[in-house]
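*Asks:* Sequence:
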Amino acid sequence: MSQGTSWLLQISVGPVQEFIAAARRTRDLWFGSFMLSEISKAAAKAVKDARAELIFPEPNGDLKPDSDLNVANVILARASGDDQAMNALAEKAREAAVARFKVFAAEAFEKAKRYIVKERWDKQIEDVIEFYAAWAEIGTGEGAYKAARQKVARLLAARKNLRDFLPHEGEFRVQKSSLDGLRESVFKDGKGPKIAGLCLKEGEVLDSVGLIKRISGDKRKRFPSVSRVAVDPWVRGVKEETLRALEPYCGALVETGAISDVIGYEAFPYEGTAVLLSRHASMLAECELKYEPEEREAVREKVRAACRGIATILSGLKEHDRPQEPYFALLVADGDRMGAAISEIGDMKGHQEFSSTLSKFAGEARDIVRNFHGVCVYTGGDDVLAFLPLDTCLSCARGLHEAFGELLKDYKSIKDQRSPTLSVGISIGHAMEDLEDLLEFGRGAERIAKKGIGDEASRQGVDRNGLAVVVRSRGSDSVIVREQWGRKNTEGLEDTRALAKVSLDERLHYWARLFSDGAIPNKFPYELRENAEFYRGWDPGDVLEAAVRDDIKRIFRRKDVTLSDEEKKRVEGYIDLRLCGHRDIDRLSDELVIAQWIGFGVRQAKGGDR
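No gaps in the numbering here: position 239 of the sequence shown is 239 in full-length UniProt numbering, and each next residue is one more.
In short, the hints are calculated from the structure, not lab data.
Don't take every hint at face value.
To be verified - Subject to a maximum C-alpha distance of 25 angstroms in a straight line, what follows is the list of computed PhoX-like cross-link-like pairs (lysine-lysine):
hint : residue 1 : residue 2
1    : 64        : 102
2    : 415       : 146
3    : 188       : 118
4    : 501       : 488
5    : 151       : 48
6    : 188       : 102
7    : 569       : 559
8    : 118       : 201
9    : 151       : 349
10   : 523       : 606
11   : 201       : 191
12   : 488       : 412
13   : 409       : 360
14   : 239       : 318
15   : 176       : 191
Fair warning: this is a prediction, and the values are worked out from it, not measured in the lab.
All chains, please: the whole structure from these sequences, using the hints.
*Replies:* See below:
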């Protein structure tokens with residue numbers, strides 16, 4: 001082939017599962033995502049430095065290490081040369097990816113080398129990075145670029161299926177990593193070392209990747225825990241003088257390593273476990289493991305004194321003004337019809353503009369999550385993963401959906417003139433649950449947002465562009481609601497029929513406010529479920545509809561439901577328009593259960609005596 005041949009080069013970097021999915025602490029999750037982005041960024045920079053034209057990530061993005069640019073693990077570029085030159089370019093990108101990973105590895109090794117089996121460490125480090133590349137020639141004439149892009153995607157998929165299945169040479173009687181069990185522990189004698197920031201549980205051991213995620217990069221070690229996100233409504237609602245009184249005791253806990261200080265939360269820059277009295281005993285036990293036996297008594301007394309001080313301050317508050325059980329929202333968002341949008345772009349310039357648009361959304365998404373007091377784990381292209389307080393999760397989801405729709409509104413499908421949309425799944429869970437389980441619930445919520453419960457939305461033609469909220473409280477079955485996004489209501493709820501017309505997020509906000517104000521008792525949703533059971537065997541028709549509506553209205557008129565006259569009319573208007581049978585009662589009950597959880601956060605954020 002001639003020297004001037006143009007090619008499309010596509011690269012895939014991994015391992016995604018090991019870097020992102022295997023996580024016990026929020027830092028494991030965040031740093032794994034960050035590290036994968038940095039490794040992909042290094043590969044992209046190597047491609048660009050070799051005078052290839054980047055398509056994904058955006059051509060003008062800041063590819064310097066530690067820049068704010070998040071880079072997905074798939075890189076697309078146009079390059080010139082012969083087949084040998086393309087092979088050399090792919091090798092340069094691979095070397096850059098491996099070198100960036102080894103920077104993180106060296107940081108971790110330097111902190112823990114006294115406790116590491118070096119031979120085992122070195123062997124694992126050489127085996128971590130997954131790198132695949134394929135290239136296809138760009139022909140001439142109309143449609144040549146599009147044809148090359150489709151071909152290179154097929155080639156890369158085929159190459160990944162033919163991955164190098166090298167035999168894993170495990171070591172006999174060496175404990176596997178507690179995170180995912182893929183590789184052996186790198187610790188000497190199978191014992192976890194006492195290193196700042198490592199935060200090992202009793203018996204927990206890590207392989208090279210797990211250790212790197214836990215302790216590499218000092219300046220990033222204070223990533224907020226989910227417990228801090230969970231207590232944020234309380235922090236915003238409590239008096240400032242209470243927070244100031246807690247500071248010296250929280251500072252003492254930081255000094256001992258019982259908790260960490262965190263970035264992004266200036267009003268109360270500490271882990272949430274500091275004010276969760278039910279967590280103090282386990283916090284003390286975990287803290288002691290970081291010290292040698294002869295040091296533990298002094299540390300134990302210092303931690304206990306700080307915990308007593310915190311307990312004294314909190315006991316002075318009214319019971320409903322103290323921090324409640326630490327529930328929070330895990331948000332997962334993903335673009336819809338993105339493949340169709342990309343496939344209809346016929347030239348490289350259009351692809352680059354699309355890439356820049358996605359990069360702009362990623363930046364806006366970080367700001368939106370931050371504005372709603374959340375923590376962004378990952379924003380890249382059309383993907384968002386974030387932790388949010390209960391009271392702001394729906395508003396954040398709405399903000400992300402609208403920002404995405406606005407930025408991509410011009411990328412309409414030729415077939416149906418529909419633009420890409422954003423489906424958002426929100427999973428509400430307990431901060432002390434296993435993080436991998438919480439992640440799976442969040443991703444499950446996102447799948448439901450796209451396809452509906454049991455893929456029913458796909459069958460009914462109302463799939464994608466969805467919002468799904470799932471609550472999985474400890475010891476209870478999951479409760480799920482899902483609808484397609486509707487336009488934001490700008491006319492208020494004065495019309496008695498308005499509540500039946502607004503979108504799911506706005507209805508949940510409305511019900512949550514009623515719960516937080518005490519207008520609806522907490523037992524109310526479960527009584528509705530009992531009513532649904534009563535009507536389950538009835539034949540559909542006017543008799544059933546009239547009975548259901550009258551019965552549910554009667555329940556809303558009870559003395560323990562303290563709705564204003566205006567709210568009663570609004571709710572009854574909703575009942576008349578939306579309730580026809582037991583399934584509708586079930587759905588209303590599910591909405592109220594979820595709104596009740598959100599209402600807990602709303603009530604805490606308002607504060608009892610501020």
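*Asks:* For every hint, state whether the structure bears it out.
*Replies:* Taking the hints in turn, this is what the structure says about them:
1. 64 x 102: 16 angstroms, holds
2. 415 x 146: 18 angstroms, holds
3. 188 x 118: 9 angstroms, holds
4. 501 x 488: At roughly 10 angstroms apart (the allowed maximum being 25 angstroms), residue 488 and residue 501 satisfy the hint.
5. 151 x 48: Roughly 22 angstroms between the alpha carbons, so the hint for residue 151 and residue 48 holds.
6. 188 x 102: Holds, at about 21 angstroms.
7. 569 x 559: It holds: about 16 angstroms lies between the C-alpha atoms, which stays within 25 angstroms.
8. 118 x 201: 23 angstroms, holds
9. 151 x 349: 19 angstroms, holds
10. 523 x 606: 22 angstroms, holds
11. 201 x 191: 11 angstroms, holds
12. 488 x 412: Status holds; Cα separation ~21 angstroms.
13. 409 x 360: The hint holds at about 14 angstroms.
14. 239 x 318: Holds, at roughly 12 angstroms.
15. 176 x 191: 12 angstroms, holds
Violated hints are absent here; each numbered hint is respected by the structure.
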